[in-house]
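Using the sequences plus the hints, can you model the full thing?
2 protein chains.
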Amino acid sequence: MARNFNELRTKMSPERRERNAQRVKEALEAMPLEELREARELTQTQLAQVLNISQGAVSKVERRADMYISTLRSYVRAMGGDVQIRAVFPEGEVLINQFEDLARPKEDTAKAS
Amino acid sequence: MARNFNELRTKMSPERRERNAQRVKEALEAMPLEELREARELTQTQLAQVLNISQGAVSKVERRADMYISTLRSYVRAMGGDVQIRAVFPEGEVLINQFEDLARPKEDTAKAS
Numbered sequence: 001m002a003r004n005f006n007e008l009r010t011k012m013s014p015e016r017r018e019r020n021a022q023r024v025k026e027a028l029e030a031m032p033l034e035e036l037r038e039a040r041e042l043t044q045t046q047l048a049q050v051l052n053i054s055q056g057a058v059s060k061v062e063r064r065a066d067m068y069i070s071t072l073r074s075y076v077r078a079m080g081g082d083v084q085i086r087a088v089f090p091e092g093e094v095l096i097n098q099f100e101d102l103a104r105p106k107e108d109t110a111k112a113s
Numbered sequence: 001m002a003r004n005f006n007e008l009r010t011k012m013s014p015e016r017r018e019r020n021a022q023r024v025k026e027a028l029e030a031m032p033l034e035e036l037r038e039a040r041e042l043t044q045t046q047l048a049q050v051l052n053i054s055q056g057a058v059s060k061v062e063r064r065a066d067m068y069i070s071t072l073r074s075y076v077r078a079m080g081g082d083v084q085i086r087a088v089f090p091e092g093e094v095l096i097n098q099f100e101d102l103a104r105p106k107e108d109t110a111k112a113s
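Quick mapping for you: the protein sequence lines, in order, are chains A and B.
For the first sequence, full-length UniProt numbering puts the final residue at 113, and the numbers step up evenly by one.
For the second sequence, full-length UniProt numbering puts the final residue at 113, and the numbers step up evenly by one.
Don't read these hints as lab results, they were simulated from the structure.
Computed from a prediction, not measured in an experiment: that's the story for all the values here.
Hints are supplied without guarantee of correctness; some may be wrong.
You can't tell identical chains apart in this list, so a pair holds if it fits in one copy or across any two.
Unchecked claim - Computed list of lysine to any residue pairs in SDA-like fashion (alpha-carbon distance at most 20 Å, straight line):
#1 Lys60 / Ser70
#2 Lys60 / Phe99
#3 Lys60 / Asp101
So, in structure tokens, the structure goes:
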């Protein structure tokens with residue numbers, strides 16, 4: 001059976017939830033993909049080699065305002081990380097694990113080189 | 001200029017990062033979309049009404065292994081939440097804010113009713 005948000009909530013005191021939320025806020029930077037790549041000290045060309053696509057295709061992905069979750073995951077995995085998707089509600093948040101085993105074929109990540 | 005992961009890391013002590021990671025782990029449940037909807041105590045029919053699509057289209061979204069980020073966001077917003085996307089690396093995590101202003105037209109969320 002589905003767990004109820006109230007059940008999730010009662011696992012932590014309000015003070016603790018507030019503290020956690022504050023800490024996560026302090027800890028996390030927000031950035032677009034291009035900036036993330038630069039923070040990882042990778043060039044488009046290096047990422048293109050890992051993904052086996054052209055540099056232009058990497059550039060195109062970075063300029064997209066929307067993409068398949070699998071495409072995003074391939075891009076982030078190529079940088080050595082992984083994608084985590086959360087649904088955030090006023091009452092709390094959950095991880096969405098429906099997409100976790102996706103590894104999109106490279107020809108779908110962008111136009112192949 | 002892009003922020004470097006080392007800079008991000010030095011903002012917190014290793015002990016504090018470890019504590020935060022542990023707390024987030026304790027706090028978060030992971031589930032697929034269907035289970036999330038049930039935890040929100042919503043039926044497919046109710047969600048379909050909010051999204052202005054058919055109940056069958058909601059069912060189809062819930063069975064997908066991949067979808068556009070905008071589609072996922074529409075679905076979660078219809079439940080009163082929002083989607084947060086993180087890139088997770090051994091050295092830390094960042095929010096990816098490239099997709100945040102997406103509100104996919106309802107006809108793209110699934111086949112319209």
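For Lys60 and Asp101, with the copy left unspecified, which applies at a CA distance of at most 20 Å: within, between, both, or neither?
The answer is between: 19 Å across copies meets 20 Å, while 24 Å in one copy does not.
Indicate which option fits the pair Lys60, Phe99 if close means a Cα-Cα distance not exceeding 20 Å: within, between, both or neither.
between (23 Å within a copy, 14 Å between copies)
Tell me, please, which holds for Lys60 and Ser70 at an alpha-carbon limit of 20 Å: within, between, both or neither?
Both, since 16 Å and 18 Å are each at most 20 Å.
Comparing the model with each numbered hint stated earlier shows that all of them hold.
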